[in-house]
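Asks: Protein chains in written order, with my numbering: chain A, -15 to 292; chain B, -15 to 292; chain C, -15 to 292; chain D, -15 to 292.
Worth flagging that the hints you see were computed from the coordinates, not collected in a lab. Possibly wrong hints are sitting among the right ones.
Which copy is meant is left open, so a pair is good if it fits within one copy or across any two.
List of simulated lysine to aspartate or glutamate pairs, DMTMM-like, C-alpha gap at most 20 angstroms [to be verified]:
#1 Lys124 x Glu255
#2 Lys189 x Glu263
#3 Lys(-4) x Glu256
#4 Lys124 x Glu(-7)
#5 Lys189 x Asp43
#6 Lys124 x Glu190
#7 Lys(-4) x Asp188
#8 Lys124 x Glu263
#9 Lys124 x Asp43
#10 Lys189 x Asp158
#11 Lys(-4) x Asp147
#12 Lys(-4) x Glu162
#13 Lys124 x Glu(-10)
#14 Lys124 x Glu256
#15 Lys(-4) x Glu161
#16 Lys124 x Asp7
#17 Lys(-4) x Glu263
#18 Lys(-4) x Asp8
The model shown is predicted, which means the values in this text are computed figures rather than measured ones.
4 protein chains.
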Amino acid sequence: MALPPEFHEIAKRVNNWGRWGADDEIGTLNLITDDVVRRAAATVTSGRRIPLALPLQQDGVQTGLIPGRVNPLHTMTSVNAELFGPGTVATSDDVVTMGLQAATHWDGLAHVSHGGRLYNGRPADSVTAHARAAFSGIEKAGPVVSRGVLLDVARAQGVERLDGGHAVTPEDLDAAEELAGTTVGEGDIVLVRTGQVQHYLEGDKEAYGFPSPGLSVRTPEWFHARNVAAVANDTLTFEIVPPEIENLWLPVHALHLVEMGMPQGQNWNLEELSAACAEERRHTFLLSATPEPFVGGTGAPVAPVAVL
Amino acid sequence: MALPPEFHEIAKRVNNWGRWGADDEIGTLNLITDDVVRRAAATVTSGRRIPLALPLQQDGVQTGLIPGRVNPLHTMTSVNAELFGPGTVATSDDVVTMGLQAATHWDGLAHVSHGGRLYNGRPADSVTAHARAAFSGIEKAGPVVSRGVLLDVARAQGVERLDGGHAVTPEDLDAAEELAGTTVGEGDIVLVRTGQVQHYLEGDKEAYGFPSPGLSVRTPEWFHARNVAAVANDTLTFEIVPPEIENLWLPVHALHLVEMGMPQGQNWNLEELSAACAEERRHTFLLSATPEPFVGGTGAPVAPVAVL
Amino acid sequence: MALPPEFHEIAKRVNNWGRWGADDEIGTLNLITDDVVRRAAATVTSGRRIPLALPLQQDGVQTGLIPGRVNPLHTMTSVNAELFGPGTVATSDDVVTMGLQAATHWDGLAHVSHGGRLYNGRPADSVTAHARAAFSGIEKAGPVVSRGVLLDVARAQGVERLDGGHAVTPEDLDAAEELAGTTVGEGDIVLVRTGQVQHYLEGDKEAYGFPSPGLSVRTPEWFHARNVAAVANDTLTFEIVPPEIENLWLPVHALHLVEMGMPQGQNWNLEELSAACAEERRHTFLLSATPEPFVGGTGAPVAPVAVL
Amino acid sequence: MALPPEFHEIAKRVNNWGRWGADDEIGTLNLITDDVVRRAAATVTSGRRIPLALPLQQDGVQTGLIPGRVNPLHTMTSVNAELFGPGTVATSDDVVTMGLQAATHWDGLAHVSHGGRLYNGRPADSVTAHARAAFSGIEKAGPVVSRGVLLDVARAQGVERLDGGHAVTPEDLDAAEELAGTTVGEGDIVLVRTGQVQHYLEGDKEAYGFPSPGLSVRTPEWFHARNVAAVANDTLTFEIVPPEIENLWLPVHALHLVEMGMPQGQNWNLEELSAACAEERRHTFLLSATPEPFVGGTGAPVAPVAVL
């Protein structure tokens, strides 16, 4: 079952292979220049910091649907252990087992492939059990700090949250951009708010996962035209569930990660940020969102912060 | 074997219990105000971003010395799996098992106790296997973004790295502050560079751990006087190894975490930052260092970034 | 909320503390003597071997109800890695993260406490995060090989499986013993079949867990009177769910493990054994069921085999 | 670097592909018939049970040499948690992360491949991250109970342990068989004692791993001629380290697992068994050694027991 012609046409239009050289492993993150960062820092006016990560815990967003993507199992290896004798300073230590994409995370460029290829034409089989991602591992991303722009699609549409199955279209993004009062530009990191994470926050994990609003297969061209560095949203899989085009699963993953070389973020909690932006009547900020540098990671947990 | 009187005298002088109320769980992080953050953003001039985390991998800094603090074991749960049928978009996913304090991390306030007490007088037995840290869990820290100041003690002393066993004294900090050309102030996050991490970077893990330079038991007063929000360095245990005062292990942990309620960071790679600061002739920057929000964590991995 | 008088009366009658000395850590396993084992070996007549463990896999019996008791997450650390150069012998290796009590397992004697006490009066707080079970860790059990007796309660009652909530009574055990055509005796390991595991085998994990038949609080005396060495059944929690006596959870755990010092097994698949025993018209066999010797384990996976 | 002609000649002589049909996934385990098991049970005379597994703990035999094969990290998820309210029955639960081949284990047939093939000609790439071993996963082994024969090579040579690098030859096996006073025959499981595990038991892990005695590349023919079902020994890698033939690593793995389809065991503690056999002047027994049934496992922990 090949991917449909429709997909391949879009793919051709957004493809970035070779744009930053044959050896490039970080794609659109190249668009975050020193200049972009200086302008990002200049957006800080109130000094308010908004956390965008969900808490890491066994009771996380995963329901077992995605095999192996386990919620954090966090246990103590010692509790007030007086390792140096009774009455000495006591230490508590802990360990975790978790899927790198289980909670708030970045998908790295090696997370998906199609037609046997990763971003920049690398062979898909360069990902192995032994070495994990030999190319475009998440550790290659380096520091991810840029101007963040909240595209509050739910608010722009005057709803608390988009309906399950809603396709966020380029027109939706236009409307949210207008609400934001800014122009999305080169090197920006765009946060698309659907409000879907409210289901999880209210305790309904099943509803969070399915059905879900997500980004239409037509949106990658929107991001491509603006030279966006990365995109994140507040849903489990980033994409529309069930899919927009029958039987075509994960098309936006394939366009963003493989064709454009653009990281994408999932399970970001944009609720507090939405309120703060509305309050401060501004939708741009310094976004700091460096993934944990797992060597060869196809993705990684991140604790993103918007500084307003 | 009780802690010596010397320890208790310093403890009395730096104690912050009750300072931010009886219910406070974040200690000196309270000192990072919106105003501090605005000033931190104003330090950004070049837009350069320096990563301070070590890569996360099986070949990490742990040698087995600290029981249970395991290096990241990172494995794939799928590799280019075509979950939706042959020819569809293929996904690769990964999981990790690791000690929360195994690599570049923040120690949270619940990481150590002495005399049965945690920061703010909480009972040490509020840390349990079942709930982990009920008070001052690392998820309570929230966003950690502030002005960072590099105190490059090694460079101030004209050496590549301090000797193993070297006690970084208040006088050493003064000299490094002078080199930095700034005054450490309220809400700052101080990064103390010893150069010790060079051992690990050069492949010698044993030498990295022992003997090690570290902060003297006299330095917490220095940080206390300046109302510092947090401190991190580039060593395995933060402290002098073998200990400055015979048989007194982890005194600085106990003073920082329990008495002051001040998070401390370990295994931060300050080498690239040292070079960049020397080059740009400045030692202050926006520091973004939010810990992964593990609920009840006694510490957490962090991927800190200095924005210059 | 103290345990009811009814519980304490039974507890007194079945208590084995001190029976094998104040230092004993293995309780009724002491009843498996060389002589018992010789007689167990003598039961082998057909040479048929019946496995009693459920397969270990992510899709195991746990549903998230018991916090932290995670199904096996089994991943590859290498797949056909030619570690010694191209064309050499290639190796595949794997790791697992799992709850020790997640699948077919023995509960060790340190798995439960009541009133601050473990078996033989040991303090409950001898179980710690750092050292796990200091007394009666599962590794102390040593080899568990004895005569096994299948008490096929479902078959004795002429049903495929007992109803959820059914209390297996001493009278039920009598009837099953009569069907078995043997007398349960000293050192025997008794396998009580309810048929409940059929729910899991048919794909309904929820039904497997709740409601569930289980052993009545009156049965420990039956086992005590016969000097049984251990008991296992084919349910998730061993006990009746919801509980036989309102609000009294895990009374049989407390009686078996704490009072009697008798290990108990859960999630044993007795379906094939039931068929084989019916076919061979015998209900005794050599049972080999040594727990994996986790040092300080409060329980352990086991791959039990009945040799007929 | 192809495998040498010498290897291929032996491979041809011991190859079992197709012997039990094109669909067979368990190889020489087919040789354990009901009849073999009946005879195994008949060897039980004293009723003594000898455990052959090393304790499972963080301080296990792995030193980091084999990437990803981590020692058991065993932590508590709850310690005396009164889940049903104060004063109720309290439970302690634990989890583990470990390499399936980290301690006493069986290598399954999918553990190695050469020339792109597994046992019975299956493609090596049938082992994947997603499904692990699709063919010959360790769960296919089923119950492993048979006659065990101790070939005490060290004792037969009158030494406490063989020297590191010593090649156990067919002639060594002959001598140990003579000492055993039995003839190794069809369906037997052979335990080859070198004494090497003494290094680990005495606390020297490095010496345990290297240099090590092991089975010569000439021994698979010896096992093949006798129709042995499986072989285990008391070393870290089973094989001679450094290798018998320069640059030829793991030849015995390739011959046993791939060519013969014969499971092999490593890190078995044969010290107590050696003493017991010498004492009882017999070297045969009922061996019960069923691997934990990990679905798709390329190996599995086992807690083997010899019943004398």
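Asks: So, for every hint listed, does it hold in this structure?
Replies: Hint check:
For a Cα distance limit of 20 angstroms, the shortest separation of Lys124 from Glu255 across copies, 18 angstroms, qualifies, whereas the shortest one inside one copy, 30 angstroms, does not. Taking the shortest alpha-carbon separations for Lys189 and Glu263, neither the intra-copy value of 29 angstroms nor the inter-copy value of 47 angstroms comes in at or below 20 angstroms. Taking CA atoms no more than 20 angstroms apart as the test, Lys(-4) paired with Glu256 passes in neither setting, with 37 angstroms inside one copy and 39 angstroms between copies. When the C-alpha separation of Lys124 and Glu(-7) is checked against a cutoff of 20 angstroms, the pair qualifies neither within a copy, at 29 angstroms, nor between copies, at 47 angstroms.
In this homomeric assembly, Lys189 and Asp43 come within 20 angstroms of each other (Cα to Cα) both inside a single copy, at 10 angstroms, and across copies, at 19 angstroms. For the homomeric pair Lys124 and Glu190, neither the shortest alpha-carbon distance inside one copy (34 angstroms) nor that between copies (27 angstroms) is at most 20 angstroms. In the homo-oligomer, the alpha carbons of Lys(-4) and Asp188 never lie at most 20 angstroms apart, since the shortest distance is 39 angstroms inside one protomer and 46 angstroms across protomers. For the homomeric pair Lys124 and Glu263, neither the shortest alpha-carbon distance inside one copy (36 angstroms) nor that between copies (24 angstroms) is at most 20 angstroms.
Within a single copy, Lys124 and Asp43 get their C-alpha atoms only as close as 30 angstroms, which misses the 20 angstroms cut-off; across copies the closest is 17 angstroms, which meets it. When the C-alpha separation of Lys189 and Asp158 is checked against a cutoff of 20 angstroms, the pair qualifies neither within a copy, at 30 angstroms, nor between copies, at 47 angstroms. When the C-alpha separation of Lys(-4) and Asp147 is checked against a cutoff of 20 angstroms, the pair qualifies neither within a copy, at 31 angstroms, nor between copies, at 57 angstroms. For the homomeric pair Lys(-4) and Glu162, neither the shortest alpha-carbon distance inside one copy (28 angstroms) nor that between copies (56 angstroms) is at most 20 angstroms.
In the homo-oligomer, the alpha carbons of Lys124 and Glu(-10) never lie at most 20 angstroms apart, since the shortest distance is 31 angstroms inside one protomer and 45 angstroms across protomers. Taking the shortest Cα distances, Lys124 and Glu256 sit within 20 angstroms of each other only across copies (16 angstroms), while inside one copy they are farther apart (30 angstroms). In this assembly of identical chains, the alpha carbons of Lys(-4) and Glu161 never lie at most 20 angstroms apart, being 26 angstroms within a copy and 54 angstroms across copies at closest. Taking the closest pair of Cα atoms, Lys124 and Asp7 come within 20 angstroms of each other only inside a single copy of the chain (12 angstroms); across copies the shortest separation is 41 angstroms, beyond that limit.
Taking the shortest Cα distances, Lys(-4) and Glu263 never come within 20 angstroms of each other, neither inside one copy (41 angstroms) nor across copies (43 angstroms). For the homomeric pair Lys(-4) and Asp8, the shortest alpha-carbon distance inside one copy (19 angstroms) is at most 20 angstroms, but the shortest distance between copies (48 angstroms) is not.
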